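Participant: Residues per chain, in single letters:
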Amino acid sequence: MAATGEAVLDVRGLTRLYGAGCPDCLVLTGPDAGTNICPQCHAIVACNNISFDLEQGEILGIVGESGSGKSTLLRCICFDEEATAGECYFAAFGTGRDDAFSQTGQARRYIRNHLLGIVYQNPLMGIKPHFTAGGNVAEKLLTADVYNVSLIRQRAATLLQRTEVPLARMDDFPANFSGGMQQRVQIAKALANNPPVLLLDEVSTGLDVSVQARVLDLIKEIQRDLGIAMIVVSHDLGVIRLLADRTGVMQHGQVIEFGLTDQILEDPQHRYTQLLVHSML
Amino acid sequence: MGNVLSVRQLSKHFILHILGGKVIAGCEEIGFDLKQGEFLGLTGPSGAGKSTVLKCIYRTYLPTSGQMLYTGKDGRQIDLACAPEREMIRLRRREIGYVSQFLKVMPRVPAVDVLAGELRQKGWEMERARQRAREFLKIMDINQALWDAYPSTFSGGEQQRINLARTLITEPRLLLLDEPTASLDIVTRQIVIRVLKDSKAAGATMIGVFHDLDVMGRLVDRVFGIEAGRSSTQCSPPQVATDLTPVPGHYYDSASVECGAGASTDRRGSGRIASREDTL
Amino acid sequence: MGVNQNRKHRGYNFAFLDENTKREIRRKLLKAVAIPGYQVPFASPELPIARGWGTGGLQITMAIIGPGDVLKVIDQGCDGSVNAVNIRKLLVKTTGVATTFDTNAASIIQTRHRIPEEAMRQDQILVLQVPIPEPLRYVEASEAKTREMHGEMDYSRMWVYLYENIVQYGEITIGARYPSLVNRRYLIDPSPIPRWDVPKLNQAETLYLFGAGREKRIYAVPPHTLAEPLEFEDFRFRVEDFTGRSCIRCGATDTYMNEMYDSSSGRKLFVCSDSGYCDRRREQSVTQNLACAEPTGHPLGRVPPKAEALVAPIQERSRSYPTASKEAGALEQVVIEGKEAR
Ligand SMILES: Nc1ncnc2c1ncn2[C@@H]1O[C@H](COP(=O)(O)OP(=O)(O)OP(=O)(O)O)[C@@H](O)[C@H]1O
Ligand SMILES: Nc1ncnc2c1ncn2[C@@H]1O[C@H](COP(=O)(O)OP(=O)(O)OP(=O)(O)O)[C@@H](O)[C@H]1O
Ligand SMILES: [Mg+2]
Ligand SMILES: [Mg+2]
Ligand SMILES: [Zn+2]
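Protein chains in written order, with the numbering used here: chain G, 1 to 281; chain D, 1001 to 1280; chain U, 2001 to 2342.
Pulled out of the complex, with its shape left as it was, chain G reads as follows (with noise of 0.2 Å):
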C-alpha cells in the first residue's frame, strides 16, 4: 500500500532533557556545539527541537552517530520517556489533534496498546522471557481487548511462522530462546494487533545476515500488506537504503539533514552525513 497522504503520526518540537536544564540548553548544544551536553548545566540535550511526520504507509528512516538521541526519541514517542517539551498527534487518536503527550497515562497506554508496536533493541525490553512465546504474542493482543484464546492462538501462530519462529516452540519460553530467536518473537508481538505506526530500534543488529535479511524483507512487507507506517533506526544505512522511503539524520540530539533515503545516501548535503556516508562506503 502506498503512502495515502494523511499523517498517521506528527511529532513537533520534541525535545527531551536527562537534568534539569537551564534556558540555554538548546542553543548551547548541537552539531555546532559538537556536544549533547549543556556546557552552562551539565543537562544532556537528548532529542532537541524534532519535528516530522509519518504518513501511512510510509518507512522513515532515523540514522546517526552513538548517542545521537535516536532511541530516545523513539521511547518518547512511545511513552517510555516522558518528552520534556514538544507535541505529538497520532491521526487515530480522539480528533487527531489532542496532544499525545499531554494525555494521561491511560490515555497514552490505549495509544501505546492500540496505534504503536514497538521493537526494542535489546528484545528482553520487548518481551518478557518468562511468558511463552505465544504469551508474548498474546499480551498484545489482550491489551488490544482479544479475548478469544484460540484466535489469540491462530494469530500467534501466523506471526511466528512468519517471523520464522518454529510452531513447535510457540509454548516454549523466549528465556531459552537464541537471541535472534528472540528477537524474531519480538516482532511477531509488535506486530501483533495491526498497528498504524511501528517504531523499530536496530531491528536487525545482532541478528545473522540470513536471518537479518529475512527480518527486512518481513519489514517490507509489512508495510506493503498492511500499510503500517514505520520509523526504522539503525546505524547501519544498507538497512537503511533497503527500507526507508526517507531518511532524517541525528547528530548531537538534532536532526540536521531530512530527505529522500537515497538522496541522503549519495547527495548527502551536512557535513556530518557526508562523513556518515562516506565511512559507510
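Read the hints as simulated data drawn from the structure, not as lab findings.
This structure is a prediction, so every number in the text was calculated from the model and none was measured.
Everything hinted at is true.
Cβ-to-Cβ under 8 Å is the rule here; a few derived chain D residues that face chain G:
#1 L1016
#2 I1018
#3 R1059
#4 T1060
#5 E1085
#6 R1086
#7 M1088
#8 I1089
#9 G1117
In the DMTMM-like style, the derived pairs of lysine to aspartate or glutamate whose C-alpha atoms are separated by at most 25 Å in a straight line are:
#10 K1073(D) - E6(G)
#11 K1122(D) - E221(G)
#12 K128(G) - E2143(U)
#13 K1122(D) - D217(G)
#14 K220(G) - E1095(D)
#15 K1073(D) - E1085(D)
#16 K128(G) - E82(G)
#17 K1022(D) - D32(G)
#18 K220(G) - E1125(D)
#19 K1104(D) - D217(G)
#20 K1122(D) - D53(G)
#21 K1104(D) - D208(G)
#22 K220(G) - E1127(D)
#23 K220(G) - E1171(D)
#24 K220(G) - E1135(D)
#25 K2145(U) - D80(G)
#26 K1035(D) - D1198(D)
#27 K1104(D) - E221(G)
#28 K128(G) - E2134(U)
#29 K220(G) - E1087(D)
#30 K128(G) - E2231(U)
#31 K2145(U) - E81(G)
#32 K2145(U) - E82(G)
#33 K2216(U) - E2024(U)
#34 K2268(U) - D2254(U)
#35 K1104(D) - E202(G)
#36 K1035(D) - D1212(D)
Glycine is no exception: its CB is placed at the ideal position from the N, C-alpha and C atoms.
Following the hints, position chains D and U with the ligands against chain G.
Facilitator: Using the frame of chain G, we list chains D and U with the ligands on its own:
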C-alpha cells in the same frame, strides 16, 4: 503533444565538506525539452554529467539551481527541483522510473517477488502481482529455473535484466535509463532493446544514457550531448547510429560534426561550452 | 438494656480501637466504596492478635460495628474453628454485641475464605479477611509497578497468565483468589474465596468489605456493582463442579463442599463448607425427622473420627506459577492446608 519534461538551466554542484568545502560541478545549466513518447539519448564523455542529470530528475541529487518541470498524468505541472519529498515518492511509485546500472535488492527475496513487490507497492494483490511478474520474467527471457531464486546470486546480465524489469513492470510514464545495456552480450542486448521499444510503443517517455552507440541509435529519437557538465550538442539519432564510432580521447567528435546544428567550436578549450540549445 | 453492660473488659474502648483510629478506617472505607475495587492504603493499627490472622477484617469490623449489631464470624465457612472463635471472643469482649451462627440473623459477618451459601441482604455487611490484596502479585513483584498497572488499567499480564494456564493445563487452574474486575475498572483479588463464591460478588444486595491488615489495604465491592471474573470468550469462568455429590450431614447437593477421606471405609466423603447453613438444614430435617444432633457450629457433626483431621476445603492446584507439569484436567485435589495461610 505537450512536453512531459522541460529542464531549464539545471545545475548541480557538489560541495564536499569533508574535502574542505571543495566544489565539484556535476552539471551546468542544462536545458532540454521532452515530448510525450519521445526517447532522448544523453551522450558525453565519462564524467560529463549524464548520470548527474538523470539523478537530478529522479531527485537522488538535489539540484543546486534550475527547474525541471514535469507534467504529470493528471496534467499538473510539478517542478521536480523543489517538489516536496512525498510528492517525489508518489511520482516514483506511479510515474517516474529509474534504472541504474546496478541491481540493489532485498537479500533473500526471489526474483518473482522482487518484481511482484513493485506492483504490491502500487496496491496490486499478491497473486495477480506474481502472475504479472512471471510474464515479465518471461519477456526478459530469464530462465524459468531462476524465477524463484535470489537475484543476488544471478549473473551480471541476469541482474541487469531484473533491474530493468522491476522498473518496467510498473509501466512508468517517464523512464530514466542509466546504461541499461552495459556489459550485456549481444543476445541479451537484443532482448533489452526489444523490451524498451515495446515500452516506447506503449507511450513511455524516456531518457537514456548508453555507452553502446549502436543500441542508442536503434532506440532514441534524439541525442543530447553534454560536455564538462554543459549541453553541447543535439542531433537526431540515425546519424549517430550510422556514423558514430567512439574514438578514445575524441569522444563523439564525429557526432558533433555530423550533428552540425550549432556544433561546438571549442569544446575542450576551457572545459566550458561550445553551444547550447535552450530552445528545443 | 445497654449493651455495654455485657462488656467484660471495660479497660478498652468500645470495639477495642480508639475512636480516631476507627474514624480513619471509616474514611478509608468510604473511599473504598466510592471507588469500587480500588485498594485504599490505610494505617492498619496494632491489635492483640498477630497480623496474618485476620487483622484486616477485624479492623474493619471494629470500625463499623455498633452495639446493636449481630455478629457472625466464620473461618472457611465454619463458625467453630479456632480462628473464628478467637475473633468472635475478642469482639464480644470489647463490644458486648450479640452473636449468631445463622447467616440470616447476622448484620455483620466477618469471614475468611468463604461467602455464606444463603443469599445475603442489603442490610447486611460481609467483611472479608484478605491475606494478599494484590491480584497482580501473581505476575508482578513490584508494588510500584502494580499500582501503575492499576492506575492505567493495564491487566494484560494477568490475562497472559490465564492464557498460559490454558495453554499448559487446558483450562484456568486458579482455584481461590480468582481475579475479578470490579465496575469494569479495577481488578481485585476477592480474597481466597473459592470460585464457587465469586459470582456472589456480582450485582449483589450486600456490601462486601475487604481488609488486609498486614498489607494495609482496604477495598470494597458495593451493592449492585459489576464484579466479573476474568474469562475468555472461549474459556468461560466456571465454578467448582459438585455434581453427583451430596453432604453427608445435611444431604445438600447445591453447596460448596469440603472433601474428606474416611480411612476406615476408604471412601471420599463430602460435607458442606458452610457449617451454619448445614446446621440449619439439619435442624429443619430434625424438626421433620426428629433424628439429628444439636447444631455444632462445626461441619464435622457426625463425621467418622478418623476423617476429622482430613477435613479441608477443596483447593484447586497451586496458586503460584504453574510448573512444567502437564497433567491437564487434574483439577481437583485434596490439599491439607496448614493451620493458617501465613
Ligand atoms: N536515562 C538516561 N539518563 C541520562 N542520559 C541518558 C539516558 N538515556 C539516554 N541518555 C543520553 O541521551 C543521549 C541519547 O541517547 P540514545 O540512547 O537516544 O542514543 P542513540 O542515538 O539511540 O544511540 P545508540 O546508537 O548507541 O543506540 C546519550 O547521550 C545518552 O547518554
Ligand atoms: N555524488 C557525487 N558526489 C560528488 N561528486 C559527484 C557525485 N556524482 C557525480 N559527481 C561528479 O560529477 C561529475 C559528473 O559525474 P557523472 O556521474 O554525472 O558523469 P557521467 O557523465 O555519468 O560519467 P560516466 O559516463 O562515467 O558514467 C563528475 O565529476 C563526478 O565526479
Ligand atoms: Mg539506541
Ligand atoms: Mg554515469
Ligand atoms: Zn451440609
